[in-house]
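Sequence lines, in order, name chains H and R. Here the working numbering is used: the first residue of the first sequence is 1, the next is one more, and so on. Here the working numbering is used: the first residue of the second sequence is 1001, the next is one more, and so on.
The hints are simulated quantities; they were obtained by calculation from the structure and are not laboratory data. Keep in mind that this is a model prediction, so the values were computed, not measured. No residue lacks a Cβ here, since even glycine has one placed at the ideal position from N, Cα and C. Some hints could be false.
[Unchecked claim] Simulated pairs of lysine-lysine, PhoX-like, Cα-Cα distance not exceeding 20 Å:
#, chain 1, residue 1, chain 2, residue 2
1, R, Lys1010, H, Lys187
2, H, Lys190, R, Lys1195
3, H, Lys12, H, Lys190
4, H, Lys136, H, Lys115
[Said to hold, decoys possible] In silico negatives: residues of chain H with every beta carbon more than 12 Å from chain R:
#, residue
5, Leu4
6, Glu6
7, Gly10
8, Lys12
9, Tyr128
10, Ala163
11, Asp177
12, Pro181
13, Lys190
14, Leu201
15, Gln204
16, Arg242
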Amino acid sequence: MSTLPERPQGAKRLGLVIDLDTCVGCHACAVNCKEWNTGGEAGILPDYDKYGPEPDGVWFNRIHSYETDAGGCSRTVNFPRSCLHCENPLCVTVCPTGASYKRAEDGIVLVDTDKCIGCQLCAWACPYGARELDEKAGVMRKCTLCVDRIYNESLPQEERVPACVASCPARARHFGDLADPDSEVSKLVKERGGADLLPGLGYQPTNKYLPPRRATIPTAPAKPAASGATGIGAALLGLLDRALSR
Amino acid sequence: MAATGQSQPKRTVARTTCYMCACRCGIKVHLEDGRLRYIEGNRDHPVNRGVLCGKGSAGIMTAISPARLSTPLKRTGPRGSGAFEAISWEEAMRIATERLAAIRASDPGRLALYTGRDQSQSLTGHFARMFGTVNYAAHGGFCSVNMAAAGLYSLGGAFWEFGEPDWEHARLFLLFGVSEDHDSNPLKLGLGRLKERGAKILSINPVRTGYSAIADEFLAITPGTDGLLVLALIHCLLEAGRIDAQFLIRYTNAHHLVIDAPGEGGHGLIARDAAGHALCFDRASGELREAHSPGIDPALLGTFELPDGRRARPAFALLAERYADPQYAPEAVAARCGIEAATIRRIAAEIAEVAFNHPVVLDQPWTDTAGRRHAVMTGRPVAIHAMRGVSAHSNGFHTCRAIHVLQMLLGAVDTPGSWRYKSPYPKPIPGGPPPGRPRVPGGPLDAPPLGFPRGPEDLLVDAAGEALRLDRAFSWEAPLAVHGLMHMAIARAYEAGPQGIDTLFLFMSNMAWNSAMNPGETTRMLSECDAQGNYRIPFVIVADAFSSETVAYADLVLPDTTYLERYDCISLLDRPIGSAHGPADAIRIPVLRPDRAVRPFQDVLIDLAGRLGLPDFADEQGRPLYSSYADYMIRHQRRPGIGPLAGFRGADGRAIGKGEPNPRQLERYVENGSFWRHELPAEQLYFKHANRAYLAGAKAMGLIDDDAQIVLQLYCETLQRFRLAAEGHVAPRPPERLRERIARFFDPLPIWYVPLEEAMTDRATYPLHAITQRPMAMYHSWGSHNAWLRQILPENRLYLHRDLAARLGICDEDWVWVRSRSGSLRCRARTMSGVNRDTVWTWNAIGKRTGAWALAHAAPEFRRGFLLNHVISEYLPQEGGAAPQSNSDPVTGQAAWFDLTVSLEPCAAGTPDKTSPRWSANPLHVRRTAEAVR
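Same shape as in the complex, but just chain H (with noise of 0.2 Å):
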């Protein structure tokens, strides 16, 4: 059993803000993920029978599409699913070994796959699906918040977020610090009544997701037509009545 470390004073919680009011589900974040993190200090997040019958392979984000039918209306939502970098995330508590470790200073979750044995205890523990085996390596991988970039000062300091954010094409995926009140992804979520996933479940995920809305024009309402009316009507000759400047 791996144990949680004492959160200092004043540390941070970094973590994703995603907006599901402006996500169209186009997995780009999810195939920028795995094309930095498979580089990356996160080693290769390795592809299984890639030109083949069953193509599979490690991701640390994946995207799923569904619809829903709630309150008798119904609609789309694509959810992004990832790590959310719980503040009590048993996937940490349960591992056997101290692989899996949350790091005091930011809250994220990570994985010495040098320590892992692959015995996926994790993977059982994680109620929303964030972990993944690496069949190659016998080791679990897991979304790492890009910490090979956010804290990278060979770059520019607007590149310093992780991969999915920077790429998100419709700019639906926010980082920062949900510890700091004042930060802008903790004023998102008070201004948009972000949520956790499963809240019941008490694993307090630092991530949060932004619930759909819907914009709305008020007019008054439409008159119905005069019934079989035909020919140009009123409003308009009145309109055309006035003159006009060329």
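Please arrange chain R on chain H, whose structure you already have, making use of the hints.
Frame of chain H, contents of chain R only:
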């Protein structure tokens, strides 16, 4: 974490342009020791501003795809067998040069050059022009020509490439029939911005996926009825008197007088004075006046007498009377559109509310073409975008025209908050010269092969009125086929046999599979011989980077590079990357050195043109003028001072648009991130069609030749010219069999009609509409050989509404038969709610032919993937004894993919767990000889 290595790899970053779809985003390619490490969006780039989609992010896997071709190939087995011999480039070029030289010496028209979704049409079109063949087109005819033609003949611009919504000011955004790939990142960025601003997004689409999923309102319209919905919205706006009359008289031809003389040659044409200026009736003076005179008070209604005694009426009066008719009332169209009348009325009210009660006023003075200084820019913040769902119907041209008429009535064309032109548009209507033809037999064409007919006199027809082109573009069968009819090229070549064309030269187009209507018939036509054992299509050259289904049908294969291994030019002469903020163009640069015997197609074409001694590609002694495409991009001048690239021209690299070739031009592009853009001053950003400073600036840059006001064509007089010919009032006349058709469809005001195939099909037998959608992580067939993208979507399903499924007894994952008048296919079903109740749909181009794309034979793309194409025909049903018409829009020849109607039934128990139809596997078998390897 994995330990990092001891020695630091050499890291470099190259900035170039993506080509994982047609979007042309700027990318930064990170290399480690010369190997691809990471591709990301370029934050400085005007198209994508740093973001990058799933396709672009998977470019690394395309660069190492096993489907890459590696050497020139010569066919050794029967066509379609996949048996080839590897040959050297010198031999490949010798074969192609000898073949094409012989054609050019006898009849250049016997070469047909068709290119796919490429971005070098200014080069390929110029090659065809100099070769002297009219038989040239790119993929626009089966993609979006309805939209392009309707826009260019109405506004001098169009949706997608030539226009964009004003994301910063729109309050209501109408999205018609948009699939997720046109365009990709700019549309996503824009939608995100609208969401951030709280604007309303209304999606009108039979299917709720992708962009439609985040719309604030979704209308599951019946396919092919968008035009009817738009005319009903127009009906409501006219009924309520909610139109912008001031915009109409200043910027459109609404007040132009239309001659009312039925049965005479001038009927339906604009009345003009002796100098050719359009006339209107000025209410202030009570006289006829030149319509463009400033300050007059033109009548929009009424009937007036012309000096010659004929009667004439303002174009708007004709329009208002037509759409005021109860047949366009929401109550009359609701059932057909699948949208409740009250909803249509509410949408019309929302449009009017936003347009007229919430105008956007920008504190920006500007001067119009009449010389008037305006203190502010006032706009109607209703923006519209439409794409393939509207375009791919045989009523799509008129539907797009209807949308443009709606925009004009609202005054929502290039105003703050509305749809805007992307520079270099607007262009004078209709957008370019008429299609080229040989001035002397066997010589170059007098204009590019694709052009813009102004009337029947510009058609490419013989004395009997029959088509001169192979695909019958610019004939009476498709007069405004401004992008050609690529979907008919193989069928027409097959019909004509060896007396028709000699060589079919295809670049980057999967015409034997997902780009063909009816691939089964198409592959048969490609491989069928005549009685003497000669192929009916004598010679086929395919240039492509990957082993698509089409490659197996080539006699000669010219292997192209990937997009990371060559120079390319995204040119203002072709399909540039300009925006409403100004013109822009871009290049691709070689980031990787090819590890195979491949050559960039553009280099090959220029080499071929040099060897053939084509004008503009070789000097008078027949010596090639250009060593490569890069050399051509720098030194070629289409007109004095105007070349493929508009930026960094002139000896000092400071000229924009026009200027002497700059030997350092490409270096300057590379320094600038492989693109160039010119930011327009704020006073030029709107009303470009009538903005004096903009038009003068565009003329100075060489974007347009004339800086006169571009009058928007509410009434399309060009169409009436064709109709008059059909009615026998002017020459030349269409052949007898097409007269009624021309008279019907060449209406100068938008019409709606049941799509042609649907109208000719027994709807009791085939009651359902069937369409495709584009998955956002794929671009046509380009994704399935990419190891990452195929994990996202390795096989497709047929989607249908839950209620329909319940009625037919179909459950998720059941195998079903889809039958149309032209064929049957078997696939798996999945149910959903967000779809029109009478429509089934699937993802486009996921199904593959066994053996293609270097995938294993048991790949899901083969076993469970399918193409809807198998039940589409390129011909309409035959009527009487006449030869069948093509399955196309009668105005533009646009392939009518989405007119398909089908029936659906569950498969009987025991059905094989595979899609149908199926073909034998034909993977490439390449014999390699020592000489070729050398």
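Discussion item. Check the hint pairing lysine 190 of chain H with lysine 1195 of chain R against an upper bound of 20 Å on the C-alpha distance.
Written reply: Roughly 17 Å between the alpha carbons, so the hint for lysine 190 of chain H and lysine 1195 of chain R holds.
Worksheet item: Is the nearest CB of chain R more than 12 Å from the CB of glutamine 204 of chain H?
Response: 25 Å, holds
Discussion item. The output says glutamate 6 of chain H does not contact chain R. Does that hold with a beta carbon cutoff of 12 Å?
Written reply: 23 Å, holds
Worksheet item: Are the Cα atoms of lysine 1010 of chain R and lysine 187 of chain H separated by 20 Å or less?
Response: Since the Cα atoms of lysine 1010 of chain R and lysine 187 of chain H sit roughly 41 Å apart, the hinted pair is violated (cutoff 20 Å).
Worksheet item: For the pair supplied as a hint, lysine 12 of chain H and lysine 190 of chain H, is the alpha-carbon distance within the 20 Å limit?
Response: At roughly 18 Å apart (the allowed maximum being 20 Å), lysine 190 of chain H and lysine 12 of chain H satisfy the hint.
Fill in: Assertion that glycine 10 of chain H lies outside the chain R interface [Cβ separation over 12 Å]
The assertion about glycine 10 of chain H holds, with a minimum of 25 Å to chain R.
Discussion item. Checking one constraint from the list: CA of lysine 136 of chain H to CA of lysine 115 of chain H, max 20 Å. Satisfied?
Written reply: The hint holds at about 16 Å.
Worksheet item: Was arginine 242 of chain H rightly flagged as not at the interface, with every chain R Cβ beyond 12 Å?
Response: 8 Å, violated
Discussion item. Using Cβ atoms and 12 Å as the threshold, tell me whether alanine 163 of chain H really stays out of contact range of chain R.
Written reply: 8 Å, violated
Discussion item. Please verify that the nearest CB of chain R lies beyond 12 Å from tyrosine 128 of chain H's CB.
Written reply: Tyrosine 128 of chain H is indeed farther than 12 Å from all Cβ atoms of chain R, at 20 Å.
Fill in: chain R versus aspartate 177 of chain H - minimum CB to CB distance exceeding 12 Å, so not interface
Since the minimum Cβ distance to chain R is about 21 Å, aspartate 177 of chain H lies beyond 12 Å and the statement holds.
Worksheet item: Is it correct that the beta-carbon of lysine 12 of chain H has no partner in chain R closer than or equal to 12 Å?
Response: 19 Å, holds
Hint check: violations occur at hints 1, 10 and 16; the rest are consistent with the structure.
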